[in-house]
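Protein chains: 2
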Amino acid sequence: MKVTIIGLGLIGGSMALDLRKAGVATKLMGLDQNLSNAKKAVDLKIVDEVLPENEALAKADLVILAIPVNALCAFLPSVLDAVNKNAVVIDAGSTKKMICNSVANHPKRNQFVASHPIAGTEFSGPEAAFNGLFENKTNIICEQEKSSAKALTTAEKVFKTLGMNTIFMEPEEHDKHVAYVSHLSHVSSFLLGQTVLDIEKDEKNIFDLAGSGFASTVRLAKSSPEMWTPIFEQNAEYLSQALLEYIMHLQKFQYHLQKRDAKELHKIMTKANDIKRILKS
Amino acid sequence: MKVTIIGLGLIGGSMALDLRKAGVATKLMGLDQNLSNAKKAVDLKIVDEVLPENEALAKADLVILAIPVNALCAFLPSVLDAVNKNAVVIDAGSTKKMICNSVANHPKRNQFVASHPIAGTEFSGPEAAFNGLFENKTNIICEQEKSSAKALTTAEKVFKTLGMNTIFMEPEEHDKHVAYVSHLSHVSSFLLGQTVLDIEKDEKNIFDLAGSGFASTVRLAKSSPEMWTPIFEQNAEYLSQALLEYIMHLQKFQYHLQKRDAKELHKIMTKANDIKRILKS
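Sequence lines, in order, name chains A and B.
Under the numbering used here, the first residue of the first sequence is numbered 7, with each subsequent residue one higher.
Under the numbering used here, the first residue of the second sequence is numbered 7, with each subsequent residue one higher.
Some hints here could point you the wrong way.
In this list, chains with the same sequence are indistinguishable; a pair is considered to hold if it fits within one copy or across any two.
To be verified - Mimicking DSSO-like on lysine-lysine, the simulated pairs with C-alpha atoms at most 27 Å apart in a straight line are:
| id | residue 1 | residue 2 |
| --- | --- | --- |
| 1 | Lys-258 | Lys-114 |
| 2 | Lys-103 | Lys-210 |
| 3 | Lys-65 | Lys-46 |
| 4 | Lys-156 | Lys-258 |
| 5 | Lys-265 | Lys-228 |
| 6 | Lys-282 | Lys-228 |
| 7 | Lys-27 | Lys-103 |
| 8 | Lys-152 | Lys-91 |
| 9 | Lys-210 | Lys-258 |
| 10 | Lys-282 | Lys-207 |
| 11 | Lys-166 | Lys-210 |
| 12 | Lys-46 | Lys-282 |
| 13 | Lys-143 | Lys-228 |
| 14 | Lys-273 | Lys-166 |
| 15 | Lys-269 | Lys-103 |
| 16 | Lys-33 | Lys-65 |
| 17 | Lys-152 | Lys-103 |
| 18 | Lys-152 | Lys-166 |
| 19 | Lys-46 | Lys-258 |
I should point out that these hints are in silico values taken from the structure, not numbers from a laboratory.
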């Protein structure tokens, strides 16, 4: 299968590496608006070559879009326009409603499979790509009834090759769930980082005291603003709601804290401990 | 050196394992008000034997207290009463002001070294103890001028054996710094867990979508409420202030989010990215 990857960063690059290793991709073509990243992806043997847009799209049996979600919405219709009628197009965007809407009435809608392979690290760019990023992770496919049988079979084969477990969900449901279990974590981490950086202006060497707990909760604050700004923007409604609930819980905790109400604090933490049921390790 | 460990959990147990391995402890005695943990600590060879309190204190050259900080304040004066005049007493509490105050006027104050070895995991109990927990981490000693030269030398030897880098700080300064770089992380994580558990009541299978980012930010929500309630209570003033600042940042973000102000969101995240300067890996 001839595969064109649009966006040669962590996600697109890691997919390319896995598809090549499994022999699913016999030829890998790439596109990236960042020319330095495009060159690196060739140097790192993530793709065989970088081609002009029309050529890379016309020659592909499979096109994977792994670019920021605002670029995805803008670019996806013209990608569908340009691919040949047997090609399959898959995206890897972290929001689904606006992306699905962007091609809702496209004549080639059934060649597209709306996907969200849930994986990543706080790093970005082709150097961050590695084999196995997606292994044992979950992939979501939305509006599967709008994709042709061939397109769905191809997409499922791709995600199986990556080692992922695919589940199906409507775009609204997807966006709501990821607001809580992914996007909120990122906001909480970005602002935790900001709060501690702020106090650092007055308190020198404060980071000497940072333990592994701090490193773990603040890790996502290193994530790319270019990637996350449009995700937050597209999922503003659900994320805003999740954020208000989070703030409400924090305020309640702060209220009990300033009253030194040990019993209430203990109760809240004991309830939160139930997260052990979900996160086994 | 004959060492008595009071509190045979993650911290006390891991210290015992390292001190034995290095040959610094020739005999290890233990105390734990939880008799099942005390038995486990003997079975796991963390300590040689569990002795009655008076005996374990009278025989020790070094006593290490690794118990919740409320128990520490209550128990530390009578530990100093009971030890012999050449013994050294070290604590491992995560707050320092109230602990230092509890023995400020004790006649044997100079036999005590107020310490906070900053290390841990979200697990607790003797089974959670392991060799190397403290390696390359930071230890804080407070009010070093109130400890005798002998006590300080012994404490420094202990923390060096654990592989720690010791720095010195006043109790107030310590409590303020850890409010930001340790205690706030725990609160943020506990309440993130709570927020997502709450929404789970309405949205089944929401955790299928949780990626490694969520796992990393919510890990500390598994921590022990028995240990953390008294820490938060003792550090309520500084933690409450840190929490209010965190909430203010979150509210500001939510304000820009609901206005879909991409430029402001991007600006906030770019500032938070500066955390890369501190967290290299």
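If the cut is 27 Å between Cα atoms, do Lys-152 and Lys-91 qualify within a copy, between copies, both or neither? Close inside one copy (16 Å), not across copies (81 Å); limit 27 Å.
If the cut is 27 Å between Cα atoms, do Lys-27 and Lys-103 qualify within a copy, between copies, both or neither? neither (32 Å within a copy, 58 Å between copies)
Is it within, between, both, or neither for Lys-273 and Lys-166, if the alpha carbons may be no more than 27 Å apart? neither (43 Å within a copy, 38 Å between copies)
Intra- versus inter-copy proximity for Lys-210 and Lys-166 (alpha-carbon distance at most 27 Å): between (49 Å within a copy, 24 Å between copies)
Within, between, both or neither: Lys-258, Lys-114 at alpha-carbon 27 Å: Neither: 51 Å inside a copy, 42 Å across copies.
How do Lys-282 and Lys-228 come out at 27 Å by Cα distance, when the copy is not named: within, between, both, or neither? So Lys-282 and Lys-228 pass the 27 Å test inside a copy (26 Å) and across (6 Å) alike.
If the cut is 27 Å between Cα atoms, do Lys-210 and Lys-258 qualify within a copy, between copies, both or neither? Answer is between; shortest inter-copy Cα gap is 25 Å, intra-copy 31 Å.
Taking 27 Å as the upper bound on the Cα-Cα distance, should Lys-156 and Lys-258 be classified as within, between, both, or neither? Result: close neither inside a copy nor across copies, 52 Å intra and 46 Å inter.
For Lys-265 and Lys-228, with the copy left unspecified, which applies at a CA distance of at most 27 Å: within, between, both, or neither? between (35 Å within a copy, 24 Å between copies)
Within, between, both or neither: Lys-65, Lys-46 at alpha-carbon 27 Å: within (22 Å within a copy, 66 Å between copies)
Give the relationship of Lys-152 and Lys-103 under a CA distance limit of 27 Å: within one copy only, between copies only, both, or neither. within (14 Å within a copy, 63 Å between copies)
What label fits Lys-103 with Lys-210 when the C-alpha limit is 27 Å: within, between, both, or neither? between (45 Å within a copy, 20 Å between copies)
In the structure shown, a violation is registered for the earlier hints numbered 1, 4, 7, 14 and 19, in ascending order.
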